[in-house]
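2 protein chains.
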Amino acid sequence: MLRTHTCGELTIKNVEQEVTLSGWVYRNREMGGLTFVDLRDRYGVTQLVFDANKDKALGEKAGKLGREFVIKASGKVVERSSKNTKIPTGEIEIIVTTLDILNASKTPPFTLEEETDGGEDLRMKYRYLDMRRDAIKNNLLNRHKVTKAVREYLDGQGFADIETPFLIKTTPEGARDFIVPSRVNKGEFYALPQSPQTFKQILMVAGFDRYYQIVRCFRDEDLRADRQPEFTQIDCEMAFVEQEDILQIFEGLVKNVFKKVRDIELPVFPRMTYADAMRLYGNDKPDTRFGMLIHDLSTVVKGKGFKVLDDAEYVGAIAVTGASEYSRSQTDELTEFVKRPQIGAKGLIYVKYCADGSLKSSVDKFYTPEDLKKWAEAAEAKPGDLILVVSGSPSISRRALCELRLELGTRLGLRDKNKYNPLWVVDFPLLEQDTETGRWMPCHHPFTSWKKEDEHYFETDKSKIRANAYDLVINGVEIGGGSIRIHDRAKQEKMFTTIGMSKQEAEQKFAFILNAFEYGAPPHGGLAFGLDRFCSMTIANEENIREFIAFPKNNAGRDMMMESPSQVSEEQLKELGIKLDLK
Amino acid sequence: MLRTHTCGELTIKNVEQEVTLSGWVYRNREMGGLTFVDLRDRYGVTQLVFDANKDKALGEKAGKLGREFVIKASGKVVERSSKNTKIPTGEIEIIVTTLDILNASKTPPFTLEEETDGGEDLRMKYRYLDMRRDAIKNNLLNRHKVTKAVREYLDGQGFADIETPFLIKTTPEGARDFIVPSRVNKGEFYALPQSPQTFKQILMVAGFDRYYQIVRCFRDEDLRADRQPEFTQIDCEMAFVEQEDILQIFEGLVKNVFKKVRDIELPVFPRMTYADAMRLYGNDKPDTRFGMLIHDLSTVVKGKGFKVLDDAEYVGAIAVTGASEYSRSQTDELTEFVKRPQIGAKGLIYVKYCADGSLKSSVDKFYTPEDLKKWAEAAEAKPGDLILVVSGSPSISRRALCELRLELGTRLGLRDKNKYNPLWVVDFPLLEQDTETGRWMPCHHPFTSWKKEDEHYFETDKSKIRANAYDLVINGVEIGGGSIRIHDRAKQEKMFTTIGMSKQEAEQKFAFILNAFEYGAPPHGGLAFGLDRFCSMTIANEENIREFIAFPKNNAGRDMMMESPSQVSEEQLKELGIKLDLK
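Protein sequence lines, in the order shown, are assigned to chains A and B. The first sequence: position 269 = 269 (the numbering used here), numbered continuously. The second sequence: position 535 = 535 (the numbering used here), numbered continuously.
To be clear, the hints were calculated from the coordinates, so they are not data collected in a lab. Check each hint, because a few of them may be wrong.
As the list claims (entries may be wrong) - Cross-link-like lysine to aspartate or glutamate pairs, in silico, EDC-like; alpha carbons within 16 Å at most:
# : chain 1 : residue 1 : chain 2 : residue 2
1 : B       : Lys148    : A       : Asp155
2 : A       : Lys346    : A       : Glu336
3 : B       : Lys186    : A       : Glu563
4 : B       : Lys583    : A       : Glu571
5 : A       : Lys106    : B       : Glu518
These figures come from a predicted structure and were not determined experimentally.
Can you build the whole structure from these sequences, using the hints too?
Below, the structure written as structure tokens:
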């Protein structure tokens, strides 16, 4: 028996008991013949005392223990004279009589404290050490609490957890597939699922009615800081439902998880159309914790001889509360901010609506104070506010105003870490046009259905067709999304044709689902949450998903600990019927 | 709203209510202007009645409904005149007033009844139809009950569910890896995990103490009837434990699942050493539901001038209860059975211990009735039994006796479908020698530790080293296994050397775990259950795992529904830096 108790459970109630603990040497110090060791395991820290005055050999052995040594210690629980009230075990200590060193440890390459001195690469290489830190340890333990709460809710609602395969065929999510050469069927390949989309629809055709799975998905994308080539999805589908049924069920899920994991009661989730989100917040995942909405100034700014605005397709503004006193260098910096290539605005016009009611702007040459007063009204600015105006193409201007709003919201402390504002964004467009090729692409995926009343736009303006699609956004972060699906072969074929997929290609990739739709496919729809982000938001109200994944990959898709991907032998490739082609 | 109730919940209590149901047309029949439709969904079947006398158009519409059409029907719940007591909804029916056809269906290519007429390939191609059959549907719903019970138990025991990556490096399980070309790191490959073995050990080094995961694993093996290239494992690991701790915890797990899913109370699991299992049952996964043990006859048969037995390395026998009257053709057939190439015995000797106490054998020329009496005693045979004797190499003879025992157990009805006999098999050998190359290979995997007292056999006879390894067997089926792991770098290196792995290869493949062992690795061990088999045994006491997997692959590793694996474009391969090499 390696322990009778963990390092987190002994309290004053256990005084006088003989116990055995095992764990890691967290900290140790000597004082007048006594060695004190803080012994740590997953559950907590308990103080061990070795008395060299009573047992010299034992004292010496204890004195030689290094940080992170793994030891087993037996002795008696006693009450401490100087108590630590910050930890549950702080009232007792163990007077050790027997010590076994179970394993030694080299000195860790970075400190294993709350704030570590390890750089990201080093921490990833020694992930097993990084995970000993409370921060990462608790993130992962809390992640389990999230999935447990998710399962409890969905189990309670009659959802069946059904596993779908990983070695499949190409998936329709729009990213590149990872592929797997088949040795048994040489020259052929499996694909790893970008999501179990087609399988969950097949399960609805099969009659399972309510399905869920917490499942790994794979996308071979060019990596960005917050992307992982593999990620986990809470994947759900329901039959015989309309959009409203789905929103209700999954609003319930999110509320339940927040209650169980964080003891937070979320309010009823408001709904906002995609069109409103774009108009008022400049993007489709608004952070609604604060106002500073975007206002359309297109009409009030025109006709005063300022060509830039007169010719502008779109003019929008936000009013930044209490920022009218910003200096020239501050407004210049904001101008540079929106001119960055990631945003691409041509410039920034500002109007200072001073506390005394006077108005000063960067375009005073063209506009009188009376003109600017109208701007202020249109922007719903109050005295003391700074009005920031961007003009040009609607998409770039909105992006600029959105980013300005978020940046200034952060600077002004309006994005409260303790506040959670969930929001359903609904009525997404069905299709978007690729600016380069002119091809129409699904905004969500090609299995998404559209609103009956928009059917006629297929002939006139495809951009106006609204999908039965919805996203769940919390504090400006998209944590889930889904749609009511097509369940009719003819409609599915119409969709494939619309996005430029030939009949032959559709048959080759998706024959099974087109066929399935001919054997009694019920109306159905669903949703998927990105678990990594769902966890980072639920647990910490932050977006850094890597801190919530046990073994994340770096920005180049590499596992720094395993040193993977790596080369394989010629022999192995030969067996698989492939060879390298690196030219 | 597509339904107010499911097809499984309306009873006599709902009479007079106006309801809406949606589902599939299961059966329909007409009788004097009335059309009766059995409407089916996941939850049950409800009878709909359409009365053409009251509403002709409705009656005609109902009359045209085909099997598996998806419909929505509204009407009033009434008490049936002729009740069906076999189903919960059998006392009522719905007098339908509105009918919507939500989707039509072609005629299914096989009947969707308990006993289907569909061949396996057809059923796999139309898996969505096959899954509408109660048999498959219930298997999958029960599989969810199993995983739910597993999670509840492990969550309750403080195990943390932690996800490990799928895009990893080569794994040490002894089968071939599936590999995944990396586009971002051209010329390099990920491997799909054969198991999360190294990751769960890393998690123990990280201090997670108790880990589990229900996780997909991948092995690129030449396929057999009961193998799938991807399968699911209940994967567990614990730190600061000895073998006994693990056996206790997981015995508890299995008991818990049987209780929750089947309401069966399993007894305390007996333990048997590997050596005893081989000696008494001829294999390492004995079906202990019946006796018919193997007895060693080596000493009693010798010295009577019968060269075959005198020279035999091993002579073993089983006594088949009540089979002394077997005819010549029956004993001939058993002889052919053991001579099949899969078994490879040279022949079979029989002794009929007749009900009157007389003894007749196929070797009467060499042995007197008194000699044979001694055989009968050694084989623990009673009058009326048939004694079957096999001689030759111990491994082939044991295999023959084991297969004979199982076959006769089946024929004599001794393998009771309602009986569950769990068994821990312990003390497996650490290493086995490859007969062709002479190399020593790990019986389990190279992270398994060995018994201290057997350490000296490394120098003398490696086959005698016993591992700290154990399997859980139920009714002759191995459903799980594990070991106490090595947690010391020097021991791990000794193991790698012993199995012929060079220092360089060990470093290249497993540097991360060797390094991790130098930073305070605790003693640890674990176990994994094969979930597919765990489910097939728990739910149905049978081994046909495909009936418990939603989308299984066939014997050639193909998904018949998706038609996968399949060819990919030159372009896609080019992007990945590989090309086909099919010569």
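Cross-check of the supplied hints:
1. B:Lys148 - A:Asp155: holds (9 Å)
2. A:Lys346 - A:Glu336: holds (10 Å)
3. B:Lys186 - A:Glu563: holds (15 Å)
4. B:Lys583 - A:Glu571: holds (13 Å)
5. A:Lys106 - B:Glu518: Cα-Cα ~6 Å, so holds.
Checked against the numbered hints listed earlier, the structure breaks none of them; every hint is satisfied.
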